[in-house]
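Asker: So you can see what is in the structure, the chains are spelled out below.
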Amino acid sequence: MSPQVADRTEVRLAGEGGQGMILAGIILAEAAAIYDGKNAVQTQSYGPEARGGASKAEVVISSGEIDHPEVLHADVLLALSQEAFKKFAGELKPGGLLVVDEDKVDATDAPSAVRIPVTRLAVETTGKQITANTVALGVLVGLTGVVAREAIEKAVSARAPRGTEEMNRQALEAGFAAAARVKTNR
Amino acid sequence: MAVKLMQGNEAIGWGAIAAGCRFFAGYPITPSTEVAELLSRELPRVGGKFIQMEDELASMAAIIGARIGGLKSMTATSGPGFSLMQENIGYAAIAEIPCVVVNVQRLGPSTGQPTAASQGDVMQARWGTHGDHPIIALAPTSVRQAFDLTVKAFDFSERYRTPVILLTDEIIGHMREPVELPDLKTIQIFEHNVTEKPEHFKAFRNTPDGVPPLAPFGVGYRYHITGLFHDEVGFPTQRLDEIDPWLERVNTKLERNIDEIALVETDYEPGARLALLSYGCSARTARHALKVARAGGRKVDMLSLLTIWPFPEKQVEALGERVERIIVPEMNRGQLAGEVERMVGRKKVVRVTRANGEMVTPQMVLDAMEA
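Protein chains in written order, with our numbering: chain P, -2 to 183; chain E, 2 to 372.
Please note: incorrect hints may appear among the correct ones.
Result set (BS3-like, lysine-lysine): computed pairs, CA atoms no more than 27 Å apart in a straight line [unchecked claim]:
| no. | chain 1 | residue 1 | chain 2 | residue 2 |
| --- | --- | --- | --- | --- |
| 1 | E | 292 | E | 348 |
| 2 | E | 186 | E | 203 |
| 3 | P | 90 | E | 315 |
| 4 | P | 180 | P | 151 |
| 5 | P | 151 | E | 5 |
| 6 | E | 315 | E | 348 |
The set of hints was computed from the structure by calculation and includes no laboratory data. All values derive from a computational prediction rather than experimental measurement.
Sequences are here, hints too, so could you generate the full structure?
Answerer: This is how it looks when you write it as structure tokens:
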């Protein structure tokens, strides 16, 4: 049995370098710790490359102290690349939530995976692929409620570079809408 | 300051500014670069200087020179750079120049793995430079502690005229946690107070606490600085009646003040027969396992070492008398465990080691408890 302290939600965001996974992790942790009255610890791992290579952010959220800072058995895994899916899907907690970008990940052997075209939604909504991480945050929070919607909205807005607040708001909204469609169809 | 999500490396930068550091010289290296990045932006705003040097040898030389000129100074690096700094760390030790060296440990040896964590430089921090010499090394376990121990590192370096190593790791350095820093202007550290007239000033004389006050160059105090053994005004000497008292003073000045320097955190339970002893990022893992074990009804002690060097011998020895077994999780092949064994004997110590860039897991610690 794996050690678990009570009240510990573990989120893993994984993709390629350049997809904004680490920034998404930071924003999720800020939503929890600054805007939602919770505790959060964010860690990351990445290769030596500036772009490409595997990149992963981890966020542990709790109402109490967080000791071991890294994910032990993820409650939630977002995979935006085939490599990330292959590497981490097996480490998901039984009954955990797996979300994949359906255009980038062949998740045939994971029938319970939630398939959402995260990157395509970003391009359709804002015209910019780089907003895929914001769409992903909307999807994750919409599906899990791991932080309050208002908290993630504030955190995204606070991190958005000046002049991109509206674009990021739309991207987040698109993520929430996609999550709502998944829930309706279940 | 309001609550912010902050990285350990950023907290180190703010700790340096709060402690009055006004000079940073360094060469960027993963996973320490954020320290330099923050200080390159923030030091000029408080009238300080930031220099990106050609390499780590020069970086170390520059911070020694800056402190001799009167500015509190720091550099930050990781394993490969730390190796290059060793020669001048010895120089700072023999010349008794206060300075702070941040080592955000990554997997080694050599270039190793830049983005992978490690606690593999424990022994290098103590003995990386040659010859008997005093050194202090501090290891934070959280982002807030990264700030606090950076301030402490400056305080100790000034108070004891010694280089201080902030021996952190990739996990703590890159980890983000919510922290609320104190008002930086409220932080105070030890300041040298030179009372002699310039003509009577001896930068290396003996004093009751073994730490003679240091006057900066350029304000009228004259003394010589060298890496050779030297007399009370700093000129090279081969006289045993000058070398022996110097050796004695410099190599005992930390021991004489060990109660102030040996920082530990204890969480002891009456009746515990088992203890966890750890430091840095692995102390987080140990604490996680501690809570799981206690929730299961087991009595366990925990000792976290914030000061690694000089080794907190008294506290570890006392723990050895309390319990039958001490489990030491760390991200190397047992560097600190060897020191614990030196204090309590090999039979009492269980090593839980991982030296491949991945953290020790709470399960590994729990398994060691069951064994």
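Asker: Compare the structure with each hint and give your call.
Answerer: Verification of the supplied hints:
The suggested pairing of residue 292 of chain E with residue 348 of chain E holds, with an alpha-carbon distance near 25 Å, which does not exceed 27 Å. Among the hinted pairs, residue 186 of chain E with residue 203 of chain E is inconsistent with the structure: their alpha-carbon atoms are about 32 Å apart, more than 27 Å. A threshold of 27 Å between alpha carbons decides the hint, and for residue 90 of chain P with residue 315 of chain E the separation of about 43 Å lies outside it, so the pair is violated. Taking the CA atoms of residue 180 of chain P and residue 151 of chain P, the gap is about 24 Å. The hint holds against a cut of 27 Å.
For the hint pairing residue 151 of chain P with residue 5 of chain E, the CA-to-CA distance comes to about 14 Å; that is within 27 Å, so the pair holds. Restraint check for residue 315 of chain E and residue 348 of chain E: satisfied, since their Cα atoms lie roughly 19 Å apart, inside the 27 Å limit.
Consistency with the previously given hints fails for numbers 2 and 3, ordered from lowest to highest.
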